[in-house]
Amino acid sequence: MKRVIIIFIAFLFFAFVVEVPIFFTPKKWPKPTYNFLKNPISKEKILLGKILFYDPILSKDNTISCASCHSQYSAFTHIDHALSHGIHDSIGTRNSPALMNLAWQKTFMWDGAINNLDVQALAPISHPSEMGSNINEVIKKINALKKYRQLFKRAFGDSVATGENTLKSISQFLLTIISANAKYDKVMRKEQTFTPQEENGYKLFKKNCSVCHTEPLFTNNEFANNGISLDTKLNDYGKYKISKQSTDSLKFKIPTLRNIEFTFPYMHDGRFKKLSEVLNHYTSSIKASKTLPKELQKPIVLSSNEKVDIIAFLLTLTDKEFIFDKRYSYQNLN
Amino acid sequence: MYHLPNGNTVSIEILKFYISGIELFENSKIIWREKESFHLYSADSSNKTFSLTVPTKFNFDKIKFNLGIDSLTNVSGVMGGDLDPTKGMYWAWQSGYINFKIEGKSNLVSNPKKEFQFHLGGYLQPHYSIQTTTLPITDKSKIDIVFDIVQFLSEIDFSKQNHIMSPSIKALEFSQLAIKCFKVK
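Chains A and B, in that order, give the protein sequences. For the first sequence, counting from 1, position 52 maps to 52 in the working numbering; every step adds exactly one. All you need for the working numbering is the position in the second sequence, starting with 1, plus 1000.
Worth flagging that the hints you see were computed from the coordinates, not collected in a lab. Careful, some of the hints might be misleading.
[Unchecked claim] DSBU-like, lysine-lysine: derived pairs with alpha carbons at most 35 Å apart: (1) K1114(B) x K233(A); (2) K1180(B) x K141(A); (3) K1101(B) x K1180(B); (4) K233(A) x K1170(B); (5) K290(A) x K183(A); (6) K38(A) x K1160(B); (7) K140(A) x K1016(B); (8) K1062(B) x K60(A); (9) K241(A) x K1087(B); (10) K1016(B) x K244(A); (11) K320(A) x K203(A); (12) K183(A) x K60(A); (13) K203(A) x K307(A); (14) K141(A) x K1087(B); (15) K244(A) x K1113(B); (16) K1160(B) x K1016(B); (17) K1170(B) x K290(A); (18) K43(A) x K1087(B); (19) K1035(B) x K31(A); (20) K27(A) x K244(A); (21) K147(A) x K1087(B); (22) K1114(B) x K106(A); (23) K1035(B) x K233(A); (24) K60(A) x K1087(B); (25) K1101(B) x K153(A).
Next comes chain B alone, as it looks inside the complex (with noise of 0.2 Å):
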């Protein structure tokens, strides 16, 4: 349960999104790039980490990586481990991956339930709607990536916005500011 500052309360059900594309960087030069670079993580109430193995043997002063899943690797058919189709992030109507998932409730939402569900994706132009963000990185031994989820939920205007479950203009603005939130602790 998340009270925001602006009077809204806000309890999550289910928070996934894809992480891809991992680089690391030193002086703006690329030194490593993850191979098959596809993480779901999906957060519970026991477990609200996931931990990533990056090689220590570089100087690095900066990572970069994807909020969701690129345009080629949507329609190059199924695919296995994180991105089965199993994972609950893969649009069955239509095809293309889920890149961000939050589902549940808040006091503003208009129905009576007061549920929201927000489906961000999209693999086509002009709703391709992958973000890539870059953070500096100081001390190598440990990284720590947070999603600041208060950040993006006292983003969303809940009275207006309760559903987003296909690629659009929407999902296209949520995604970029899903993207703000990653930040280095």
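Just chain A, same shape as in the assembly (with noise of 0.2 Å):
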């Protein structure tokens, strides 16, 4: 009878086995810019990426994770929040950045200080009023965790972590975070419709916003000045800071606008709390300088009419499974 039991429950575990999401391009998306062939796709190694996404072990006080400020209902940025939050309620000097479709792009950060997405966390990992801490104490404490040792073993083979094989896993969890499902990508694939306003939308949205906000991603990964006044209080130049090029002055990343509908507030420092407010500044508030884009020397005209099919259609950006897909959530992690 006892043999019986034992059976039957081990049964049950392996039904709870966590359902890891892999990777995959989108038909008719761009060839990934991340390359794969330096870190080849496994289930284990996503798994570990998740674990540690998920883990507030990467800050100094263990009480935040890269979820707290990249949550999954908000398309994995930091909701309701103009500037970001870290240990101790400290508060940094930008918006975070939603989270998805990471293998297209080149660069991260606002300013582009990040080549490459497997090094991208070391940054918030080290910031002060981020998670505070620095590799080689997250990789100790690592070490130290029996739990970590397995996963690390089943994803590469050796149990020990190193500052690659961590870094490597939290990339391949990030790169599985694709998000090509909105009501947009099911009308480009002719499964559905838009309606006629999304429609009016969509044409505007291409006669005035896709120059930077290039489909299908929605952002051309490359860095503009758009137009936004300087906050003095911040004094934030952007990718001037990385480049020292008087020629990047006030150009910060052009982020992608798909689920642009749970992203809010937006811009590097997270002044607008709504779409309305964005579309108002394109249209009456562009502050003129030096490294000012042709597409925006001469306002945008958009009649009140037309900026709320612009918003009709920026909201078919949504992508709800993406938002709810259990693959990316937090459950069953252990």
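Hints are included, so try docking the two chains, each in its own frame, into the full complex.
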């Protein structure tokens, strides 16, 4: 009798094994920028990366995880916070970006300070207003836990965590966070149709916005000065800080607009709470400066009805399946 | 503790740098190139040397190597071994390797603690700071290459400069000073 029970429990255990997302390239998308040859995808590495993503062990006082500022229900950003929070309630200087489709992103951070997804996590781990730790401290803590020794063994064949393997596994999970199933995508695949309002918004979007927010990723991966005024408290000149070239002054990364319904507030410092404020900025409050691109030299002209139509279109970029995809979520981690 | 000719007294707490891209030449023709050629040199009180093995089957009269990490490696994601970011030679807030790191104290430094830190690196123009040197070899059975720390320290004006922590023109200039200090003994 006893034996039968043991077998039954074993089956239950396997039924709860975490379902791991796998990387894929959606149809008609460009080739990913990420070099998979240097970090071949495996289920075990993705799982390890996911567990690390949700583990506050990455912060100095074990209170902040990646997910603290990148939560799935807001398309992996910090909803409702203009500037993101870190350990000891400290506040950073920028709005945390939404995470999705990272395999197609060339540089990271609002100023492009990070040149490869693999080394991205080093920045928040060591920033004093974010996780306030450093990679050596994190690796020491990871190596002290039996749970991680098993996970590293399964993922890399070696139970000892290194900086390389830890960061590569975080990359693997991040690479699988793909949003390509919004109404927009379904319309493009001819599975659904836009309403007349969305259709008109799409036309206006292509005319006025798509040079920078280029389909299908809704970003051209470049940097631009979008004419928002300098916040003199933050004094953030964007890419200039990294390149020290005056031609980069006030340029920030052009973010994707996918899932924009959930990623408010908007801009690098989160100054706009609503999409209508963003559109009003582009039509009426562009601030001229030397690095303003030619597309914004003349104000964009949109009637209030047209703005409503553009917003209707932008809401078709909402991918609910992505927001609620259990494979990305915290549940069933342990 | 180094007592320099100019009256400066310097103590060094950290000295670490990358040697990469080792090549051997005979009559100006390349005859050997080390694969995955990245070596982190880290000096401490007990160990001031590190050794490299090069094949002896060749005749060679010159050795060439870089001080620092090339730009392609700098943009290729996370690496292991000597290039692992846990080695303390990778910037976190901005991507890129620190090619050369020296920290210590000098009586000429103006801050109260007399401390200096020079973290030299940068993989983007105009501050791409990797440096290359080619040194002549006469006796190939045992090649002693030294880094002349006294020469390096003597060329720095510690009263004007005690802090370099990011890619910059200063980082580039200091890198150019450092490469000249490699010599065959």
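Those earlier numbered hints the structure runs against, lowest number first: Going through the list in order, the structure violates hints 2, 5, 6, 8, 12, 20, 22, 23 and respects the others.
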